[in-house]
Amino acid sequence: MAVMADTDERQVVPHRRSRWSRTDTLRGWAFLAPALALVVFFFIVPVGLVVYMSATDWTLFGGFTAMNFPQNFVDIASDPMFAKSLEFTLKYTVLTTVILMPLAFFLALLVQEARQWNKFLRTAILLPSALGIASSSLLFYALYSPQVGPLNPILDSLGLMDAQQTILGTADGALWATVVLVVWRFTGYFMLLTLIGVQAIPGDIYEAANLDGAGRLRKLRSITLPMLKPTIAMTMILSVTGSLLAFDQFFILTKGGPNNETLTTVLLIYKYAFETKKDLGMAAALSVVVLLALVIINVLQLRALGVGRSEEK
Amino acid sequence: MTTSRRLRMGTAALAAAGVLAFTACSGGESETDPGGGTDAGEVSGEGIDDGTTLTMWTRAPLERQAVNAVEAYNSSHENQVELEILPNDDVEGRVGAAAQTDALPDLLAGDVVRIPYWTSQGIFQDLSEQIQGLDTLDDLQVGHIDAGTIDGAQHTLPFVTDISVMVWNKDLYEQAGLDPEAGPTTIAEFTEHAEAVAGLGTDGVAGSYLSGQSGGALVFTLLPSIWASGDEPLSEDGTSANLDSGSALEVYEAYRGLAETENGLGAGSQQETGATWTAPFQEGNVGVMPYPYTAVTGLFETADFEIGVGPIPGVDGGESTFLGGDAIGISSDSENAPQAWNFMQWLMSEDAQQEVFADNNDTAANLAVLESGYEGADPRTAIANATVEHGRTPVAVHFNEAFNAAGSPWQLLIQDAVWGDASTISSHNEAINTILAQ
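These protein sequence lines are chains G and Y, in that order. All the letters of the first sequence, read from the start, carry residue numbers 7 to 319 under the numbering used here. All the letters of the second sequence, read from the start, carry residue numbers 825 to 1262 under the numbering used here.
The following block holds chain G by itself, in its conformation from the complex (with noise of 0.2 Å):
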């Protein structure tokens, strides 16, 4: 808001300043109103009642009783189940984000590339990307389905496992077919990201460099991947992000199981709030960890790739 205001009175000449900056100043105000309301109501407010709930003992039933600054956050230190789901949401981000980001950026290069199949590959890969996180989490949930799914015969043929195993039973099955669904869901939608930063980079960078003579491996390496780091910075953060978040498809498939070998930190604060302390203190005291954790990671991020600082130029 205040940066707005010291562009326009620049642009001002000298002598008229005082009178014009401040009808200015106040129409810009009344610009941003609607705009500034909604982000206060809508995410602000929020924010901050999520602050204020995290130092209170604030029941599901019995609301607001008393400020207890820290006991909400020394409760969650000392609860096992707070540094295992820590240990898995991380894994399952690093398992997600390695998996994710080179297939979108191998099938964006193949969808760049590739001139009979085009339109038909963009629409096949992008496809899942129309559906909710939820329906397709339901989808996965049937064809996992020792009961109606196809996938436990199909299996079971193959020699992989017993027909009357069930794929979500054991730890490694059920976070394997949860990192497939998710992989499936978001491939297409990262692919397009990636294919709009490939497409942005200038043609006649790639014909200098064919008139030097550099192979394809080196125009990839010394053209696309430099100029694409702004996408793969977004991408990246995109990624972590929403696998640090992740809900959805752990609460239709998994319910953390089986014995909370996939409990995930944001499943925790559900539990938290909804399942077994029906505490809502302590589910926004976690929240508030969450949300700490996610501005450092993403500064991090911001800083190792290097884009914070050639943004600022």
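Bear in mind the hints are in silico, worked out from the structure with no lab data behind them. There could be a bad hint or two in this list.
[What the hints assert, rightly or not] Keeping only pairs whose Cα atoms sit at most 25 Å apart, straight-line, the calculated DMTMM-like set for lysine to aspartate or glutamate is:
| no. | chain 1 | residue 1 | chain 2 | residue 2 |
| --- | --- | --- | --- | --- |
| 1 | G | K225 | Y | D1061 |
| 2 | G | K97 | G | D178 |
| 3 | G | K90 | Y | D913 |
| 4 | G | K97 | G | E119 |
| 5 | G | K90 | Y | D1240 |
| 6 | G | K235 | G | D254 |
| 7 | Y | K994 | Y | D963 |
| 8 | G | K90 | Y | E1016 |
| 9 | G | K235 | G | E213 |
Since chain G is already given, all that's left is putting chain Y on it; use the hints.
This is chain Y only, laid out in the frame that chain G set:
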């Protein structure tokens, strides 16, 4: 805008919003009444039947019985009850949200193991005086009344009673050379029968079945054996657990033996989350197992095999059952307490119990009706009804967290006791104690 500036502005705004939220909350705080619950002093006798519209919530698994009750009441009374069915998983969230906004329905029915916590949180009105004044009080099963009793004040009555019984597949018993008319009367016999059926070596047929990932189904099926053996898995005040007692260990050991036997426990038992745990027996693939009675009555007609029903035995005999199902109370937000009480006291009457439950082969909460109201019904219903007298409802404020919640310490205890490292049973019991004692 740089990251650091955005952060600073964010922090300032957060602080401002925090102050806002604080003032807003401390303003409204005096209106809530945690732990107390209002007094329904004016309610008495039969309550009032003046054509008031009453709202009522119950959960989806007991929809059929709830609809029967409401339809019978609405057709014979001026008051009209509007029933809303909540999905089982949404119940806590919906009730919690409604409690905070003073929007609870007049009548609230809930899973009996959740009732002690709800009562302790002031969800229900104190109905001690009205309940004491009931003509039929002596005939009612007490499990659902005890669940809603705190410091001597009674808040709830039985709504739908769901009991666990031992069921066996008579056809499989015959094939295995067992007496199809004699179900297990001790845990040793249970293991023996299950092993005999397992020994048939029929593809897909197992001796018994367990819902390994469902804490709720596990208490429903295993606790009766511990009660029947004379042990107390929970202390009377519900603040400590004794799930590593001698008889408890013998019960786990029996299932462990079956799990180690080929076809002893049905495939998928360890991973069963409770969603489909009644299916294998229904399909005729299980020899003998503890089972919900509400799920078996429908099978008498439809199953293509004969079903035996008996009480769940203890280690050396005895019998017990889990008095599950839903209890009902008047919410602290209700402004129609006398009208709501009219529904509750009507439901407790012998006529209503007969019409709503006995005539539909469901388990009545009134012991007199249980004894005399099932003439002409299937003889197995009489066997099941007889177990109610020995039935128990575990009462603990934090029962849901310790037992029913997905991944609860009780679920982990059974996982280790039956399939994993059985030496960890005591440490799991300690984890349950920690939750119950909080």
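- Item | Hint check, failures only | 1, 4, 6, 7 and 8
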